[in-house]
Structure formats: C-alpha cells, structure tokens
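Asks: Once you have looked at the hints, place chain W on chain Y.
Protein chains: 2
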Amino acid sequence: MPHALFDKHRATLDAAVNAIHERGYWAAYAETPSPGIYGESAMEDGKRAFERCLGRQFALDQPGQVAWTSSETSPYGLALGVSYPVCNAQALIDAGLEAMRGWRNIGAEGRTGICLEILERLNKHSFELAHAVMMTTGQGWMMAFQAGAPHAQDRALEAVAYAWREQSFVPAEAIWEKPQGKNPPLRMHKQFEIVGRGVALVIGCGTFPTWNTYPGLFAALATGNPVIVKPHPNAILPVAISVRIIREVLAENGIDANLVSLAAFKEDQATRELAQHRAIRSIDFTGSNAFGNWLIDHCRQAQVYAELAGVNNIVIDSTDAYKAMLRNLAFTLSLYSGQMCTTSQALFVPAAGIETDLGHKTFDDLASDLAGAIDALLGKPEVALAVLGAVQSEDTLRRIETASSGSLGKVVLGTKAIDHPEFPEARVRSPVLIACAADEPPWTQECFGPISFLVRVADTAAAIALSERVVSEHGALTAAVYSTSAEVIEAMSEATWRSKVALSINLTGAVFVNQSTAFSDYHGTGGNPAANASYADSAFVANRFRVVQRRRHL
Amino acid sequence: MPHALFDKHRATLDAAVNAIHERGYWAAYAETPSPGIYGESAMEDGKRAFERCLGRQFALDQPGQVAWTSSETSPYGLALGVSYPVCNAQALIDAGLEAMRGWRNIGAEGRTGICLEILERLNKHSFELAHAVMMTTGQGWMMAFQAGAPHAQDRALEAVAYAWREQSFVPAEAIWEKPQGKNPPLRMHKQFEIVGRGVALVIGCGTFPTWNTYPGLFAALATGNPVIVKPHPNAILPVAISVRIIREVLAENGIDANLVSLAAFKEDQATRELAQHRAIRSIDFTGSNAFGNWLIDHCRQAQVYAELAGVNNIVIDSTDAYKAMLRNLAFTLSLYSGQMCTTSQALFVPAAGIETDLGHKTFDDLASDLAGAIDALLGKPEVALAVLGAVQSEDTLRRIETASSGSLGKVVLGTKAIDHPEFPEARVRSPVLIACAADEPPWTQECFGPISFLVRVADTAAAIALSERVVSEHGALTAAVYSTSAEVIEAMSEATWRSKVALSINLTGAVFVNQSTAFSDYHGTGGNPAANASYADSAFVANRFRVVQRRRHL
Chain Y
3 MPHALFDKHR
13 ATLDAAVNAI
23 HERGYWAAYA
33 ETPSPGIYGE
43 SAMEDGKRAF
53 ERCLGRQFAL
63 DQPGQVAWTS
73 SETSPYGLAL
83 GVSYPVCNAQ
93 ALIDAGLEAM
103 RGWRNIGAEG
113 RTGICLEILE
123 RLNKHSFELA
133 HAVMMTTGQG
143 WMMAFQAGAP
153 HAQDRALEAV
163 AYAWREQSFV
173 PAEAIWEKPQ
183 GKNPPLRMHK
193 QFEIVGRGVA
203 LVIGCGTFPT
213 WNTYPGLFAA
223 LATGNPVIVK
233 PHPNAILPVA
243 ISVRIIREVL
253 AENGIDANLV
263 SLAAFKEDQA
273 TRELAQHRAI
283 RSIDFTGSNA
293 FGNWLIDHCR
303 QAQVYAELAG
313 VNNIVIDSTD
323 AYKAMLRNLA
333 FTLSLYSGQM
343 CTTSQALFVP
353 AAGIETDLGH
363 KTFDDLASDL
373 AGAIDALLGK
383 PEVALAVLGA
393 VQSEDTLRRI
403 ETASSGSLGK
413 VVLGTKAIDH
423 PEFPEARVRS
433 PVLIACAADE
443 PPWTQECFGP
453 ISFLVRVADT
463 AAAIALSERV
473 VSEHGALTAA
483 VYSTSAEVIE
493 AMSEATWRSK
503 VALSINLTGA
513 VFVNQSTAFS
523 DYHGTGGNPA
533 ANASYADSAF
543 VANRFRVVQR
553 RRHL
Chain W
3 MPHALFDKHR
13 ATLDAAVNAI
23 HERGYWAAYA
33 ETPSPGIYGE
43 SAMEDGKRAF
53 ERCLGRQFAL
63 DQPGQVAWTS
73 SETSPYGLAL
83 GVSYPVCNAQ
93 ALIDAGLEAM
103 RGWRNIGAEG
113 RTGICLEILE
123 RLNKHSFELA
133 HAVMMTTGQG
143 WMMAFQAGAP
153 HAQDRALEAV
163 AYAWREQSFV
173 PAEAIWEKPQ
183 GKNPPLRMHK
193 QFEIVGRGVA
203 LVIGCGTFPT
213 WNTYPGLFAA
223 LATGNPVIVK
233 PHPNAILPVA
243 ISVRIIREVL
253 AENGIDANLV
263 SLAAFKEDQA
273 TRELAQHRAI
283 RSIDFTGSNA
293 FGNWLIDHCR
303 QAQVYAELAG
313 VNNIVIDSTD
323 AYKAMLRNLA
333 FTLSLYSGQM
343 CTTSQALFVP
353 AAGIETDLGH
363 KTFDDLASDL
373 AGAIDALLGK
383 PEVALAVLGA
393 VQSEDTLRRI
403 ETASSGSLGK
413 VVLGTKAIDH
423 PEFPEARVRS
433 PVLIACAADE
443 PPWTQECFGP
453 ISFLVRVADT
463 AAAIALSERV
473 VSEHGALTAA
483 VYSTSAEVIE
493 AMSEATWRSK
503 VALSINLTGA
513 VFVNQSTAFS
523 DYHGTGGNPA
533 ANASYADSAF
543 VANRFRVVQR
553 RRHL
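Protein chains in written order, with the working numbering: chain Y, 3 to 556; chain W, 3 to 556.
For reference, chain Y alone in the conformation it holds in the complex (with noise of 0.2 Å):
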C-alpha cells in the first residue's frame, strides 16, 4: 500500500518542501531525548538493544555471503565483538537490479511515502542507534543522540523532500496538441516514466556514519535505485542497524528487501573492485582525499558525490564581545575533539593584533586567552566528557601528540589525557593550539582532529585573501569572520562567493561554526575541493534519476 503511506507522511514531507523554501528553522524528529517524547522506556530500551548486538552475528539474510567480518574497535574501550555478513558483491548487484523494478513501478509517490515510514521506523530506534554511534565513533552522549540520530533523520527527510520536489514536477503524462491551421490538430500521448540510474554505492565514514550516510542513501533510495551501503571498518554498526530497519519496512510494504543491503569489507580492495563495477551508477562518499579522488578518477561509469578534507578557516579582524567570541571559539575547537569535518582548522589573525571591547589585543593575547578559554571550558571533567567526546582513529591520537610536541609550530596549548570513570580505556584528549606564521605549510593540509593553528597574518586583507585562496586551492566547508566593521564583513563575503564557501558571522551566543542544520543550512557548497555536493539541493539529487518518455499517435 505504498500511497496509504505516501498520504500518511503527506504532510511531514510538505512542511518538509516548504522548509527547504523558506529555509527557516524547521525539524521533523525532535533533537531532545526526553521520555516525553520517545517514550518512558525508550532509554532503557535502545540501550539494551544495542548491548543485545554485542559479541554476536548480526543477521540481515543477504544474498551471497560468503562470510562474517568483525573489525570495530570503540574509542570508548569497550568491546564490541560483532561480526556482520560479508556478501559477493555481484550477488548484491544482481539482487538490487532485481528489487530494482518493483521500486519503479510504485512510483514516485510510493517510494516517497516508504522513504518517510523509514524514517519513521528509524527515529523510533533512536536510542539504539545513538549508543551504536557513540561506540563506534567515540561521539559524546548528547552529540551521538543528536547527530546520529533526529539530525541524520532530518538530512534524509531534506534530501527525500528535494527528490520528490524534482520527481514531482515531472508529469506521468501529457496530452500534445499542436494547431495546424485550418486542419485538425496533431495530438499525441505522451508518457514520461521516472528510472533511477541503477544501483547506487554509498560509502561512509567513521565519525558520522549515519549523518553522511542517510543523504545520499535516500536521495538515491528516494529517486528510484537500489543501494548498497559500505561502512567505515570501525563504524558498521549504526549503518547494519540503519540497513536492517530499511529491509523490514520495504518487506513489509512488498518490497524486495534486496533493494538495499550492507556491504561490510575489512580490505579496501574490495570497496574498489565494487565502486569500479560497471552497474555501480552513482557513489556517495564521506572520507579521505586520497580515496574520494580515487574514487573521482577510477568510477568513471558512475556519478560520484564527494564531501572530502579541507582547510576550514576564520578570519579575526575585530569583535565586540571578545569574552563570547572566545567561549564560542573554545566550543567550537572542543567539540567532539574536533573530529568535525565543519570545524575550524586555520584562524587568521593580524600581526598587529585586533581592536575588542576589551581594548587592543595583541596576537599573544588573543592566542593565550582563547588557550584560557578552552582551558575554562574543559575544567569541570563531565562537561569535559561530553563535549570532547573520544578520539575516534589511532591515527589522530598520533596526530594530536606530534601537534602537541611542537613539530608543527609553537604550543599554544598542548594535549591533555583525560581520564573517563565509566570508561577507562577511553581515548579522550583535549584540543592542541599551535601559533603559526602564514607561510608555514603544517596548518594548509587538513589536520583531522583537534589541532588547530592561530596563523599571523600582514593585517585583515591579507587574511581575507588568505581564506580565499585556501578555500579556493585546498577546499572547505566552514568559514568565518569576526568584525565591527561592515566592510570587512562585505570583503569576506565576496570572497566566499568566489571561493564558495559558507560563511558565518560574529557568532558569539549557542550556535557555533561546526554546527549545520538541516533544511535551513547548505553542508558544504559543491563549489570548492572540499565537496562537489551539497546537502542538499536540487544538484544533489536531480542526477539521480532520468526520465524516459514514450509518444503515440492520439
């Protein structure tokens, strides 16, 4: 009964249009973990459904396994122990061209109205899958509830409302007639039919792996392609989970299950040999430059969505409330030990110093009063908990301890371990500051983690050039400037229009540079290295799908 659901959802997906319109703030899942909302068992619930994953098989009766796989680790200590279906990719393939029809007969109606029961389904699971991704990913409590899950939610609902805004103005049919002067009409029927590309390959990663998964996975769900999701190694759980509930609501609604499955290989050769297959139509992918541009030069028969590394930046020119400009900053570099593809990597600041509410600050005091900051912000160890989260790689706790040893540029601030009494084996680190001159290169490669660069720079034009340039060359999602002054905001504005990034503006209160909300806030441009999409826009899905017509004499 695929309209049933359509008609169900209706007017969650047209508050959902309206709000990708009027950009103002709106949700659909609500961000607040309260009994009152998910139920007065719903903690308790999700938590014991996750432990109930733990040390076992997780099961999803695909076809052509071959095997199970175990590789997660938790940035947290604690022992996961799963293993999940290793499948023959081709079996995969095959299984979702199959499912593939059916899903394109129902319409675009229908796969809209079972992408929004899905997502139902999934924000009913939100506890569960919010211990899965802060386990997997060493995401604070409130960060993994939130981003893992009602945010996720809201990017996928962003991302179905595009699909259907674009499938929706496709008509199924159309009468043409064209006046011949004195003679009868030429008419003809017409039938436009909507096709997905073909199967689609979604490839997460091991810190959001269901905020930048969901897009792209229902953008192409959503517009009429199977998917095959590969989780990041260490973060398969969320993304099992995810995959598992997607299967029992399309069998539920008569549709092949096989329509999207799990595909979860330890080596990377594999994840290659896949993305190259020739029925692979579209990639999505969240990760490293060196895969994503991989990916971007070997899978020419697909169309590849990238959200890669960057060089986020702020330029400092000047501020009024340097106190909140500073408690923001000190959050914004804490937060989830900046393991944020969002968060600021380079803050350019005038050798000069920068005129406040507090007088003249020189570059050494600003660099040591934001140190302060953070320092204040972490001093009480739970809040320090919550917000650092843990840190998610070996490979950047080895990058955090090279910055905070002095390689890369002079200490600010160096690295703290900070012990967790629930969690002893927790890797939880506080953020590094490194003082930098503008033509060192340590702070131009993306430094993924908490380590960030206070770079001297000539005055503010020469930061704005800078970001530009940055943005420009190496790419980024985030920027930002703090100024009294109108020009200087104006200059930094343009410069974000040709470099095409984002640009946030003296934030000083409880919204911060990292942070980007569904259908109100554009992720990342699709205009400069660091992604070639955005969630989400009418760009990121109407590719997706193409449409076939028919025509015959009336």
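Please keep in mind that the hints were generated in silico from the structure rather than gathered at the bench. Each hint should be verified, as a subset may be incorrect.
Heads up, the list lumps identical chains together, so a pair's fine if it works in one copy or across two of them.
Claimed, not checked - The list that follows gives simulated cross-link-like pairs (lysine-lysine, DSS-like), each with its CA atoms no further than 27 Å apart: (1) 382 / 10; (2) 325 / 412; (3) 382 / 184; (4) 126 / 382; (5) 325 / 184; (6) 10 / 126.
Replies: Chain W only, in chain Y's frame:
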C-alpha cells in the same frame, strides 16, 4: 533596469515554466516564417543582413584579439568568406570573470529578464539566423528557419525556465528562529547568494549550430556564468550573429558585454587547451564520441554536458498502417539527409517478415517497399531539395559513397546526386539503405548521414533485446517501435526504461521519430552513452550554480 525586463517578460516565463511541468504543446516563438508574424520586410531584411556579413570581417570588439580566421565552406557551394576574430583565450577568460560579478549582483530575476530580452532580440533576427544556418550547415530553408531560429530559441527558453525554477526556489534570506524551551529562542539572519560555477565553455557542432548550442549557453548564462562559445569551424556565422546580439543586449542593460564571447579557432589544439584551462568550470559539447570522451577524460576541472553519437534504432514488429508507416520512415530517413543526431540508423526486422494491414510482408518486401517510399518521397526535385538539404561535410559525403558501393552490406537503395538549380555546387545526395544480418558490425557504429540499415533479426523478442543492448552499449537518442501488439509495446517500453532512451510508438502521421519539441519532448535522457544530459531537465541546470550562505545572530 534588469527587473523591468523581468516584469516585461514575466508572462512568457510563467508560461514556459508551466509548459515544462505540463509538457503539452507550447511554443514562445512562431515557427511559421510568415510576414504576418515576423513583419512584411523580415524575409528580405534577413537575407540582406546575412549577405552583408559575406566576404568581410565580423567584428565583435572582444578583448585580446590577435588575428582573424576564416574556415567556413558552404555545403551549397556559396562563397562565404567571413572572417572572425581570434582572441587570446586567457583574455576572454579574464574578461568573462571580470563581467561575472555584475551578472551575479543583478540576481536571478535580472539575469532571467535579460536572457528573455536576448531571446526576443534573437527571434527578431530569425531570418538572418536562418540564412546563416542554411548556408553553413546545408539544411533546407524551412528546417534552417525553424530549427535554427524559433525552435532553438524555444530550447533556450526551456533551459532558462528550468534555471529560473531552481534559482527562484532558493530564498534570498531567512530568519532562523529555534525555540529554546523557557529561554528566548536562538535567532539568526541567513542570506543565500546564488553564484555561478565559473566560466562556461560551449562547443557547437556543424549541423545544428544554434539548436544544439543555445541550451547550454542559456543554461550557463541564466545561472550566473560567463560563457565562451566555441563554434564548429564550418558553422561559425550563426553563432557569431547570436553572440553579437547577446553582447548588444547585455551592454544595453549595463552588463559588461564580455560576459559572452566567441572563441573561433581553426585548430583543434586551441580548443583542447581552452577546455583544460582551470578557470573553465563547465563544458557543453555536441559532436563526436572521440572528442566528447576526450573532454570527459581530460577536463576534470569542469562539469561536462555531452551529446555524442549513438545508434538510433527502430523495432518493426507489425503494423495496421503499412503505407503510412513507410511514408513516415521515408521522411525520417531523408530529412536533412539523415544528418540529425536523432535520425534512425538501424531498423530491426524479423527474418520471417511482419504482419500488416496489407498482408504478410517478407523482410525483402519491406526493404524494397521502404526503398520505393523513399524514391516516391524524393521523386519531385523541389521536394527532394527541400527535404534533403545538402551534405554538411566531406566526411559524410565519403561515407555515403562507401555505403552506396556495397561495402557495408547489400544495397537496397543506392544514393543519387541531385542537381540544385540555384546552387550548382551544392552537395545533394539521396539516402542509402543497406540490408544486413544482426551480427554484422557496420550498423553498430554510428554512420552519420543518410545511411540506414535494415537489420535481419530472429524475431521481435530478439529485436527488442538487441535494441536494449545497442542502446546500453553504444547509446541512442531515439528509439521507435511499430507493433499492433500491446505486449510488444510494453516489452519495448520496459527495454527502453532499462536502456534509457525515448520511445516513439507507431508513428504514421506528421510526427517523426527524429523530431524533438521543446517544452514537451526531453531530447536525450542523459542515461545512455549517446548523451550524459538531457535538453532540458533540472539536472541540466541545477549544478551550474552553487548557493553560498552567510549567517549571523539577530
């Protein structure tokens, strides 16, 4: 006064947006070259304007001019002798980028209004453009007028309508207000700037220098990009006239004329260098697979929209209107000597023949009856000259001779040279029809020009399977089926949904498989190797601009 132009053309724009959604018959520009519509003197004025161009330099006042080039020879044998400015590519790019800011600043309404004003001006020059198209491409007069002027203008308007629909969906600003329980809401002011990707390169073809150039040109222009148009060396004049008119309208409306420029090169290498320039961010191309695939492979800095060659085909299963079918096919194969990218090349016919309203017809019956229908159509020289036009290139002439000599298969109908009373040097040739087996290779390669193959296949099911395979592997812009069986039509429809090609069913009247009407027919699906984009749909415009946001506290 860009907004004044938006208001002036608002009714046309609204009707165009409605048309791309409804997809019934609609046109903005009259296809009848009648004095009542275009003015009593339009015919004569246009001819004189065209003749004034001949034998002289075509000045455009573009920056960085280093030479003049002259490369056109008319398929009608007319001496053209027009020379065009050769400009330094970097100078054109720099000037385009310089002009981009003003074009961005007037916003989507201003850009759309000016694009519509340009189209109105182009429409007023339709007769001049028609002569230029006819004499450079070899099209017959009526096609040159219709496809070269009003139909091309309609295709342009279609692209502008899609571009407007996408741009107008993005709000200029929003107030974001997020509730905070008992505390005051978080409030932010967000602004969204539409920015073009960067310099667009549009590479034209020798057969449809306006129809195949305008969609990319206007899609890129409307979405905020500077455009450099590189015409085919043998069909520069229609493009040069268009560019001159565009530059005039831009300048009249306070926009730097260098936003749109002509790049006339004789050498392939100059085009390759320009296409690979890092400032070129999109490329629209119509032409050969060899050069199109080179662009896709080598111009990774740009989005490439390519219409290449394919093997258009027809499955003939049965008909209840045998003679009408033959007449329809005869016209399709003869029109502009098969030099349309939509002309059918392979006709799949069951070895056992077909059932018709005139009884059973063997494969050989059908072959000779189709040959007879072509002969009958072209029996009167004035009709033959009007329908066939002239052969655009020496390469096509050679292919016709090769095919007619029997080296590609059994010649069912050989070519004839036809004298043109007005243009004694005109290269006019009637079509070649070859009979061959399904396993013979020549028909699976595009044989551009009036060369078609009657391919003997086992049965209808084999024909449909062959059509699907050929479209999937070699591409096609059009497919057709003749059948009295609903099952066959459904099976063929399913095949085209998988291979993604537009299907015409039982065309027996005054609509032909090679015709594609703006606002109603999608030209190309973008889903098989013949074209990676369609004229026009959302995907054709949505990725030509990006949205750059700014946000600040309120």
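Asks: Are the CA atoms of residue 10 and residue 126 at most 27 Å apart within a copy, between copies, both, or neither?
Replies: within (16 Å within a copy, 52 Å between copies)
Asks: For residue 126 and residue 382, with the copy left unspecified, which applies at a CA distance of at most 27 Å: within, between, both, or neither?
Replies: neither (33 Å within a copy, 75 Å between copies)
Asks: Is the C-alpha distance from residue 325 to residue 412 at most 27 Å within one copy, between copies, in both cases, or in neither?
Replies: Only inside one copy: residue 325 and residue 412 sit 23 Å apart there, 87 Å across copies, limit 27 Å.
Asks: Pop the pair residue 382 and residue 184 into one bin, within, between, both or neither, using alpha-carbon distances up to 27 Å.
Replies: between (87 Å within a copy, 25 Å between copies)
Asks: Quick one: residue 325 to residue 184, C-alpha cut-off 27 Å, is that within a copy, between copies, both, or neither?
Replies: between (80 Å within a copy, 25 Å between copies)
Asks: Please sort residue 382 with residue 10 into within, between, both or neither, judging by C-alpha distance up to 27 Å.
Replies: neither (47 Å within a copy, 64 Å between copies)
Taken one by one, the earlier hints fail for this structure at numbers 1, 4, listed in ascending order.
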